[in-house]
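Protein sequences, first through last, are from chains A and B.
Residue numbering for the first sequence follows our numbering, beginning at 1 and increasing consecutively.
Residue numbering for the second sequence follows our numbering, beginning at 1001 and increasing consecutively.
Worth flagging that the hints you see were computed from the coordinates, not collected in a lab.
Incorrect hints may appear among the rest.
[Said to hold, decoys possible] Okay, the calculated beta carbon distance ranges per label pair:
#	chain 1	residue 1	chain 2	residue 2	range
1	B	1073	A	94	31 to 41 Å
2	B	1108	A	98	37 to 47 Å
3	A	40	B	1106	40 to 50 Å
4	A	101	B	1057	26 to 36 Å
5	B	1057	A	373	45 to 55 Å
6	B	1060	A	103	38 to 48 Å
7	B	1062	A	324	40 to 50 Å
8	B	1005	A	339	29 to 39 Å
9	B	1108	A	240	44 to 54 Å
10	B	1008	A	410	52 to 62 Å
11	A	88	B	1062	31 to 41 Å
Built from N, CA and C at the ideal position, the CB exists for glycine as well.
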Amino acid sequence: MDDRMNFSTNAPAHHVVVVGNGQAGIQLIDSLRTEGYSGRVTLLGEETHFPYQRPPLSKDYMAAGSTPEALPLRAEKFFPENDVDSRLGVRVTAIDRAARTVTLDDGSTVAYSTLVLATGAANRSLSVPGSTLAGVHGLRTLADAEAVHARLGDVGAVVVIGAGFIGLEFAAAARQRGIAVTVLEFADRPMGRTLSPALSRYFVGAHERMGVTLRLGEGIASFTGNAGRVTSVESTTGTSYPADLVLVGIGVVPRTDLAAASGLAVENGITVDSSLRTADPNVFAIGDCANYPSHHAGTRTRLESVQNATDQARHAAKAILGRSGSYAQLPWFWSQQGALKLQIAGLVQSGDTTVLRGDPATDKFSVFSFRGGRLAAVESVNKPGDHMAARRLLDQGRSVSPEQAADLGFDVKSYSKAQ
Amino acid sequence: MTKLSFHHSDGSIDVVETDSETSIMRAAVTNGVRGIVGECGGQAMCATCHVYVRPEYLGGLPGIGDDEDEMLDCTADPRDDVRSRLGCQIKLGTGFDELEVDVPGSQV
Ligand SMILES: Cc1cc2nc3c(=O)[nH]c(=O)nc-3n(C[C@H](O)[C@H](O)[C@H](O)COP(=O)(O)OP(=O)(O)OC[C@H]3O[C@@H](n4cnc5c(N)ncnc54)[C@H](O)[C@@H]3O)c2cc1C
Ligand code: FES
Chain A
1 MDDRMNFSTN
11 APAHHVVVVG
21 NGQAGIQLID
31 SLRTEGYSGR
41 VTLLGEETHF
51 PYQRPPLSKD
61 YMAAGSTPEA
71 LPLRAEKFFP
81 ENDVDSRLGV
91 RVTAIDRAAR
101 TVTLDDGSTV
111 AYSTLVLATG
121 AANRSLSVPG
131 STLAGVHGLR
141 TLADAEAVHA
151 RLGDVGAVVV
161 IGAGFIGLEF
171 AAAARQRGIA
181 VTVLEFADRP
191 MGRTLSPALS
201 RYFVGAHERM
211 GVTLRLGEGI
221 ASFTGNAGRV
231 TSVESTTGTS
241 YPADLVLVGI
251 GVVPRTDLAA
261 ASGLAVENGI
271 TVDSSLRTAD
281 PNVFAIGDCA
291 NYPSHHAGTR
301 TRLESVQNAT
311 DQARHAAKAI
321 LGRSGSYAQL
331 PWFWSQQGAL
341 KLQIAGLVQS
351 GDTTVLRGDP
361 ATDKFSVFSF
371 RGGRLAAVES
381 VNKPGDHMAA
391 RRLLDQGRSV
401 SPEQAADLGF
411 DVKSYSKAQ
Chain B
1001 MTKLSFHHSD
1011 GSIDVVETDS
1021 ETSIMRAAVT
1031 NGVRGIVGEC
1041 GGQAMCATCH
1051 VYVRPEYLGG
1061 LPGIGDDEDE
1071 MLDCTADPRD
1081 DVRSRLGCQI
1091 KLGTGFDELE
1101 VDVPGSQV
């Protein structure tokens, strides 16, 4: 079926409609055009800001000084030059798959031939007492970041709820501004969903050295305020922490409502097959909102990263043009926490055995994870060379031995480059 | 005011004039210079902002940091030991008012 669709897909009358103009949605239209698609393209996004990159928002953006400029995903001229009908501030409220239309929040409808859901994820919110006080913030959008940045000049103490990537990046950035920072984490280790225990342990020490007070095994019980504004945070152990500003970073939920309401399968994300297509051959889902069969995880998974959004977009663009194949790109990820550059190639799983390469005391080292005797993932701190070597090896399905991984005399970079 | 010229392999040139203390990568992405991606947002983590600086401008540039050096070993197009830099690591408005770079054929 895919091959025969090829002709009709690239006919001028074909209309690809993309819901969501974030990292995935914009890469998708870019790739469609690069691959030679000449039909119509409409890009719908509910945010009113010109499309921007999210990663800097919890890092550079929070530095002291005047309001920074967001980094755009593409230049303004990109959209007219590529003949893309890009509409900002427009929310899609329903999908009618039988009629092949989407309904917008102004009540109008847009007909599609192919629909791509790139709706991303929304911050998980708290429901404990005081959650709606002023000064309690999330951090997902540029609007969120602007609100937080505007307050940071006047705050003495910040409490971060959740020791995930965004919470800890923000904690490090706030420390660089001299603000007192406490992080409350319910679990027993930071970034536990993604990192090996060895690396979590390293980051506990690293954040303590930055002056962050990291409280593990301690959750949020309530917020207390004065005149509608937060003043302190009470934890599950009964401790009270003063807070001029609270950043809640307890993870995200994929935005699947539209898909679910249209009868598409949803389970921790919109269910897609290995070509990133839903059970409806005219509907794809990519990026933070998509749950796909992962070659590297060995199971279905949903990832939240720039790599996942852009590589899935590139793949889906080809699939729309009838070039079939299974999505199997290597997942990789980065995080910047103060002076520490963390890079991860592959996916760490519980039960992996780990080997240390280099000395964590130097803040330059890597942790190599092995599964069934083969290299499965590499986490690097301030060792971009190890990271890039690992990406090459894992991409090609190659391994090193645990002994080689541990041996600094073994040149993993040249080995990865040798055929 | 810094005048930045991006030379493409097909002979075309994009000229960008900027007065802010922005980086080569940010100036390129903001102005839609093709061939400069900047996927990590300027953290020296992705090497998709690789440029070859024209020799006459090399003298005025800041030195190459350890991270930049390691990432430059991993660019999609081959590294030039003298001219290769990461566009996100060179801030404008410091020490030069004109800069010309060649854009590699591929970044990903
Ligand atoms: C602060 C922060 C820091 C991050 N740092 C890193 C990092 O260092 N490294 C990394 O790899 N990743 C990082 N990420 C994650 C990365 O930004 C995301 O994985 C990526 O943006 C996902 O892209 P996406 O297109 O799937 O979703 P998004 O970028 O979230 O885009 C989805 C868009 O769809 C819109 N939308 C949703 N529903 C509708 C609708 N019904 N109608 C119209 N529009 C709709 C949303 O408003 C949104 O703009 C970070 C994320 C955040 C928030
Ligand atoms: S923008 Fe990623 S390395 Fe420069």
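Hints, verified against the model:
1. Checking the proposed 31 to 41 Å range against residue 1073 of chain B and residue 94 of chain A shows it is violated: the Cβ atoms sit about 50 Å from each other.
2. Distance hint for residue 1108 of chain B and residue 98 of chain A: a CB-CB separation of about 38 Å, consistent with the stated range 37 to 47 Å.
3. Checked against the hint of 40 to 50 Å, the pair residue 40 of chain A and residue 1106 of chain B fails, with Cβ atoms roughly 28 Å apart.
4. Roughly 54 Å separates the CB atoms of residue 101 of chain A and residue 1057 of chain B, a value that falls outside the hinted 26 to 36 Å.
5. In this structure the supplied range 45 to 55 Å holds for residue 1057 of chain B paired with residue 373 of chain A, their Cβ-Cβ distance being about 50 Å.
6. Our hint of 38 to 48 Å for residue 1060 of chain B and residue 103 of chain A is violated, since their Cβ atoms are close to 56 Å apart.
7. Between residue 1062 of chain B and residue 324 of chain A the C-beta distance comes to about 47 Å, which sits within the given range of 40 to 50 Å.
8. For the hinted restraint 29 to 39 Å between residue 1005 of chain B and residue 339 of chain A, the CB-CB distance of approximately 34 Å keeps it satisfied.
9. Taken as a hint, the range 44 to 54 Å holds for the pair residue 1108 of chain B and residue 240 of chain A, whose Cβ atoms sit roughly 50 Å apart.
10. Residue 1008 of chain B and residue 410 of chain A have their C-beta atoms about 40 Å apart, which leaves the hinted 52 to 62 Å range violated.
11. In this structure, residue 88 of chain A and residue 1062 of chain B meet the distance hint of 31 to 41 Å, their C-beta atoms being roughly 37 Å apart.
Checked against the numbered hints above, the structure breaks hints 1, 3, 4, 6 and 10 and satisfies the rest.
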